[in-house]
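Chemist: The chain contents come next:
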Amino acid sequence: DVKVTQSSRYLVKRTGEKVFLECVQDMDHENMFWYRQDPGLGLRLIYFSYDVKMKEKGDIPEGYSVSREKKERFSLILESASTNQTSMYLCASRDFGYGYTFGSGTRLTVV
Amino acid sequence: DQQVKQNSPSLSVQEGRISILNCDYTNSMFDYFLWYKKYPAEGPTFLISISSIKDKNEDGRFTVFLNKSAKHLSLHIVPSQPGDSAVYFCAARPLNNNDMRFGAGTRLTVKP
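Top to bottom, those sequences are chains A and B.
Counting in my numbering, the first sequence runs from 9 upward without gaps.
Counting in my numbering, the second sequence runs from 4 upward without gaps.
Among the hints, erroneous ones may be present.
Heads up, simulated DSS-like pairs for lysine-lysine below, C-alpha to C-alpha not over 30 Å straight-line [unchecked claim]:
{"#": "1", "chain 1": "A", "residue 1": "11", "chain 2": "B", "residue 2": "8"}
{"#": "2", "chain 1": "A", "residue 1": "65", "chain 2": "B", "residue 2": "114"}
{"#": "3", "chain 1": "B", "residue 1": "8", "chain 2": "A", "residue 2": "65"}
What the hints contain is simulated information worked out from the structure, not anything from laboratory work.
With the hints as extra help, turn the sequences into a complete structure.
Modeler: Take a look at the structure:
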């Protein structure tokens, strides 16, 4: 089974801090994704990557950046954390089929 | 602009009865549809999918129906069990496109 691992389950950060969320997958998948989940809004796509060093903006990229230096690792960066970025962050990876495998999520609280 | 809509934020059913979760979409380019199940503090897990060339797909207690003309799909769970209590997300993606769109989710509660 594919495993997608997010390094932190819970994070508390201060406003203005630079925050790194890490995601690693172990099945050599080409495509990786970052979503955030908010009540009433479902999962919204922040960024995705279809290859090393490649990235594409999703629906809500503002305030975020990403890094994909190695195929197995996709990092989400909050350049200057704000309280409206308090959310559940979900990483996913996908092979050439249609299904995604999600990590367990990182619940980020910005105070 | 939500291209995938789940208009019921919650649903409560009795154990053993049928659960029906609904989903509507607006993008006619969507050709593959999925349902994910999510427990608290866990990532969503794939449940069942259907391609646009079919109108029904069944897997054990779970059946997904697709009505392309109405741009509507539904997930039926029969019989419902307390362990089915979770948030269910509907998702859709176009052919040859990397990004999948999700609905807002429906929280299903199955009462013993």
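Chemist: Which hint numbers does the structure go against, in order from smallest to largest?
Modeler: 2
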